[in-house]
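J.: Count along the sequence shown starting at 1, add 500, and that's the number in this note's numbering.
Please keep in mind that the hints were generated in silico from the structure rather than gathered at the bench.
Backbone N, C-alpha and C fix where the C-beta goes; we use that ideal spot for every residue, glycine too.
Careful, some of the hints might be misleading.
What the hints assert, rightly or not - The calculated label-pair distances, taken between Cβ atoms and stated as ranges, are:
no.	residue 1	residue 2	range
1	C609	T532	24 to 30 Å
2	M771	I739	28 to 34 Å
3	G727	M501	24 to 30 Å
4	G658	E590	34 to 40 Å
5	G766	H585	21 to 27 Å
6	A634	S546	52 to 58 Å
7	L612	A634	20 to 26 Å
8	V762	L612	28 to 34 Å
9	A630	R589	26 to 32 Å
10	V762	D553	17 to 23 Å
11	A643	E569	51 to 57 Å
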Amino acid sequence: MSARLVVSHRTGYLYEKGALTSFNEARLTPPTTSEQTVFFSRVEVSPQPWTFDYVDYWGTHVTGFEVSERHDRLVVTASSTVDVHRPPREGLGLDWPGLARESTEIEACEFLEISARVRPPADLRDRVAAFRTATLTPAELVAAVTRLVHDEVSYVTGSTSVASHAVDAWDAREGVCQDLAHLMIGALRSVGVPARYVSGYVLPDDTTPVGMPVVGESHAWVEWWDGVWLAVDPTNMVIPGDLHVEVAHGRDYADVPPLSGVYTGGTDTDMFVEVKITRLS
Numbered sequence: 501m502s503a504r505l506v507v508s509h510r511t512g513y514l515y516e517k518g519a520l521t522s523f524n525e526a527r528l529t530p531p532t533t534s535e536q537t538v539f540f541s542r543v544e545v546s547p548q549p550w551t552f553d554y555v556d557y558w559g560t561h562v563t564g565f566e567v568s569e570r571h572d573r574l575v576v577t578a579s580s581t582v583d584v585h586r587p588p589r590e591g592l593g594l595d596w597p598g599l600a601r602e603s604t605e606i607e608a609c610e611f612l613e614i615s616a617r618v619r620p621p622a623d624l625r626d627r628v629a630a631f632r633t634a635t636l637t638p639a640e641l642v643a644a645v646t647r648l649v650h651d652e653v654s655y656v657t658g659s660t661s662v663a664s665h666a667v668d669a670w671d672a673r674e675g676v677c678q679d680l681a682h683l684m685i686g687a688l689r690s691v692g693v694p695a696r697y698v699s700g701y702v703l704p705d706d707t708t709p710v711g712m713p714v715v716g717e718s719h720a721w722v723e724w725w726d727g728v729w730l731a732v733d734p735t736n737m738v739i740p741g742d743l744h745v746e747v748a749h750g751r752d753y754a755d756v757p758p759l760s761g762v763y764t765g766g767t768d769t770d771m772f773v774e775v776k777i778t779r780l781s
């Protein structure tokens, strides 16, 4: 089974007193992988900028651009058509000694750093340490941590910001997908399980009629290392499937922001984001 999805992501800034120049990077282009095929992708910017494209250290396609004329708003529209075929994936079934050996690989070891964004609070770290003692394999621990984060942190739109840290969401017991992903990543890394942050989109309702555009979601989930990267979505308590479109991965949100940059001009800005997803099959 697979799904063909059209994603339209419109985002940008409104500058209260105008921007004289702005320099930005957009990470909005899904890659073609073994689990998804990109048939079409385009990033459009208004006002018309000077642009360049490159692939960053983490393998994400980046559109960099510069607007050198005064502007009151910046609008970035990314459009993609993606065929997703994400069957269940099996890892190596590593035990704890095996994971310790495998985690020395450069692909995995870079995802053991516990940054400020993902650092788990002491009580969560202690509970995960207890899971580590009680489980025979990393897979068992991942399942327990996924359930813990999903059950104890409520999804509340607008409860945090992109600058929030995992501890903020844990203390409030509420957050958004970014926060749940950060909490799970920090928890796993605290007991030696490499984990990385994945950004993308998800079609929220699998009963959506074909051809009907619906409000979609920018989304975040987690991959952990079992000799290969295995995905889990703690927000929805599912293994990501054909309705998840991957855009980027990194150590945490700071490596994969959809739109980031600097500008000269006034100090007040408002950011807007609109995502629509249409299922074609």
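J.: Could you work out which of the previously given hints the structure breaks and list their numbers from low to high?
T.: 5
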